[in-house]
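Visitor: Please dock the two separately framed chains into a single complex, following the hints provided.
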Amino acid sequence: MKESNLTFTWRMMLLAFLLPPLLILAIDITFYGSFKGIDSNVSFTRFSNATLTAYMLCSLFLLGNLFFYGESRNRPLAPLVGMFFATALGVVATVFFIGQGPMLLEDNGSVRAQAIYNVVHMFVSSGAILVAMGVALGVTFSAITSQKQRNNFELEEE
Amino acid sequence: MNIRACSKGMDEMLVALFLFWIPVAMVPLGLWYSMSSPLKNASSRGRLFAFTGVVLICISPWTVPSSPSTAAGHLLGAIIGPCMLILLGIYLISFSGNVPVGKLPRSDRKLGVLMTGFGFIWLAGMHWWILTPQLSPNEVNHYWFVFWPTFIILTSCLASCSAVTLLMIGEQRKAESNAMFIVSGLSFSILILGLNVDGPLITADEFREHLWLAVADLAGITVGTLLSIFVFALVIYSYERSLPAPKSISPPTESELKQVSTLIASHLGGEDE
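Protein sequence lines, in the order shown, are assigned to chains A and B. So for the first sequence, the numbering used here puts the first residue at 1; every next one is plus one. So for the second sequence, the numbering used here puts the first residue at 1; every next one is plus one.
Don't read these hints as lab results, they were simulated from the structure. Keep in mind that a hint or two might mislead.
[Stated by the list, open to error] Examples of chain B residues lying across from chain A (beta carbon under 10 angstroms, computed): (1) M26; (2) M35; (3) S44; (4) I79; (5) Y91; (6) T150; (7) S160; (8) S162; (9) T165; (10) A175; (11) A179; (12) A214; (13) T222; (14) V223; (15) V235; (16) L243.
[Unchecked claim] Residues of chain B clear of chain A, computed beta-carbon distances all greater than 12 angstroms: (17) F18; (18) F49; (19) A265.
A virtual CB, placed ideally from N, CA and C, is assigned to each residue, including glycine.
If we strip away everything but chain B, and leave its shape as in the complex, we get (with noise of 0.2 angstroms):
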């Protein structure tokens, strides 16, 4: 990666400001419009907007060819696919199951596994195969050094502290916890593979090096998270600790009370079982 320094004209700027940043701000907006906004509409209005966002990012290598930053569009493009698989396999495994709301037929438990399954051999491909996303012939989108490597360590630990967690927990949930071990497990025997094997782009070697740059970047989000978290709750507590204390109102008088018992005894009792 290397961003050189600004030298460019005021122009490419403004391009990369209305066709990468402007969108990448869209879809959040979107997304709080849809959620948050009382107007009749709002929900698919929000989501338009943020979908829109979305295509304008994902087509931004194209539009913006001279911003390093769509490269990240460029890797959304190519990985938005996989994902979506994914997570829509895992939803219609979980909603085929025993739910009490929102259940789907039983046959879209196969579905969903497929889906997953195909979804995973995908990203995979990524990795092993020709799949790899690429800026131009040969050149790896530098990006996917770094998505590839976090989503498959977070993925491994996530689910062997789930596996742990239903073991610790859950009453009788060994089974679950088994399945979780599980995707660990295989999340993890990912991970050694790309140390040890190489992809026809990917070296063994430069996805150990990011690997490592991937936990280092997994660790300092954590402190800076936590961090900002703690700033906020001492901006908050200061605010809140130097607020005089409430007025106390004087006790009840003698008839407030009888209305209150009068009010009480009213509601009280019921039928006999």
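Same shape as in the complex, but just chain A (with noise of 0.2 angstroms):
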């Protein structure tokens, strides 16, 4: 017997997606008429200093990789150093938006505080990412592996 399944939809998945934190933020309304614990100015802070730092490492990362690409197309040197200004624009808008004050300034008494600070915290971030990521896809895998051995010659049929 075929099961009827869902109609794929991006918005679904991203739904789905954001459907824990919408969850939370649905109970806090009803418990508390408001969003608890939510403080804008600190919270815009952490985005844009989350949001500048990934630009950077990201970006230096795929300045690595673009070494690969090279290999293949005789090692041009434009792609590189587009890629290089790219990056150097993301370090200097970094430093930049930092020195402007308590805009971007946490807890840290300085710009390279503050910077250290932010690539840190991204190393930890990271870290959560990638075991949250693990744990999800290998709970996924392991729900497919731990049932019955299909058939496929019987799918085929129907």
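Guide: Structure representation (structure tokens):
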């Protein structure tokens, strides 16, 4: 007997992904009448620092990848220089915005301290993301392999 | 977290460079070397290099006590045990099931479930029991407030997404989808517990504040990463577009066509069934 499948849509996937935080927000609004515990200024500072740091580190990683791209193209200099400038722009933007004062400066005393804190913070966040992805993918895989072996011919006959 | 303006001597910075930042760089470099080098024994040498980096990071709170960044090394030392238990447990559960290659004995399944469960209990004990990573008595490692909410909320989100994906794409995957909904629900329950039940060192309000900071962090990482990928694609696209069109070659001659048709004819056909 074939089960009826849901229609695949990206909106549905996105909604499923955002469901837990949306549920917490709904519970908070129901019980406390407001978004309890959210300080928009602090959250914005964290969001901006995370954006700048992720852009900077990811650009550096992709800059490294351009060497492999160059292998098949007789090592052209133009994309390497372009990506180098894009990465440098990220570094300059990070330093500039942190240097503007309390907007992006968290509890740290200087631009350098904040920049180093951002990088270490990013390592910890990335570690948490990797472990969470490992758990989600691993459990999905183990849920699939723990079922009875399927007979492909039966499926084809249906 | 209060990193003061740098008024330290050069020596302390050099010590931090050699005993924290270079070991941090050793981990990806070692992994990259182990995976990409064609040399004999490169794999084991690279892994040893990365492992040495991990050990040096873990002991950095003692070797470089003056650097606040080494709190991340302290956290790594604290969470590496439960995380490895969880991931190894999931590996044992996965490969003791119906897999075509690398199948493990059926008995490994129970061991895997035990290891995964114990790993999660260990992590929960860091929030609600005496296992909380502390830099000094009653001073919680501030990076724990980054790791724990990020891990729990992302696990819940990804498991929920995976459950819906299994329902939408998979054929007869309702049982697997239900398992993923249970994982998502369990993670969500831990979140709700954290938002309402105080631990010995972590209050519910603190957890709530850090949970929304973790959400802001995840959103920022997504935006930053997508932006850098977009710039990368733009750079490649601009370069490829600036290249001259490849020269077209002349059509094949009569003799070349004849040779090709002879070759094709000799490879066509087969035995009757």
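Visitor: Regarding the assertion that B:F18 does not contact chain A, is the least Cβ-Cβ distance greater than 12 angstroms?
Guide: holds (16 angstroms)
Visitor: Holds or violated: B:S44 as interface residue toward chain A, Cβ cutoff 10 angstroms?
Guide: Because about 23 angstroms separates B:S44 from the closest Cβ in chain A, which is outside the 10 angstroms limit, the hint is violated.
Visitor: Is the interface hint satisfied for B:T222? The criterion is a beta-carbon contact with chain A at less than 10 angstroms.
Guide: holds (8 angstroms)
Visitor: Hint B:A179 vs chain A: min CB-CB distance below 10 angstroms?
Guide: holds (4 angstroms)
Visitor: Does B:S160 hold up as a contact with chain A if the rule is Cβ-Cβ below 10 angstroms?
Guide: Constraint on B:S160 satisfied, holds at 5 angstroms.
Visitor: Does the nearest C-beta of chain A fall within a distance shorter than 10 angstroms of the C-beta of B:M35?
Guide: violated (13 angstroms)
Visitor: Mind checking the CB of B:S162 against every CB in chain A and telling me if the closest is under 10 angstroms?
Guide: With a closest approach of 5 angstroms, the B:S162 hint holds.
Visitor: Minimum Cβ distance from B:V223 to chain A below 10 angstroms?
Guide: holds (5 angstroms)
Visitor: Closer than 10 angstroms between Cβ atoms is the bar; does B:T150 clear it against chain A? Give me holds or violated.
Guide: Since the shortest Cβ distance to chain A is 4 angstroms, the answer is holds.
Visitor: How about B:A175: closest beta carbon in chain A under 10 angstroms, or not?
Guide: Holds. Min distance 6 angstroms.
Visitor: A closest beta-carbon separation below 10 angstroms is what the hint needs, so does B:T165 meet it against chain A?
Guide: holds (6 angstroms)
Visitor: Would the non-interface assignment of B:A265 survive a Cβ cutoff of 12 angstroms against chain A?
Guide: The claim holds: B:A265 sits with its nearest Cβ about 35 angstroms from chain A, beyond 12 angstroms.
Of the numbered hints given earlier, the model fails hints 1, 2 and 3; all others are met.
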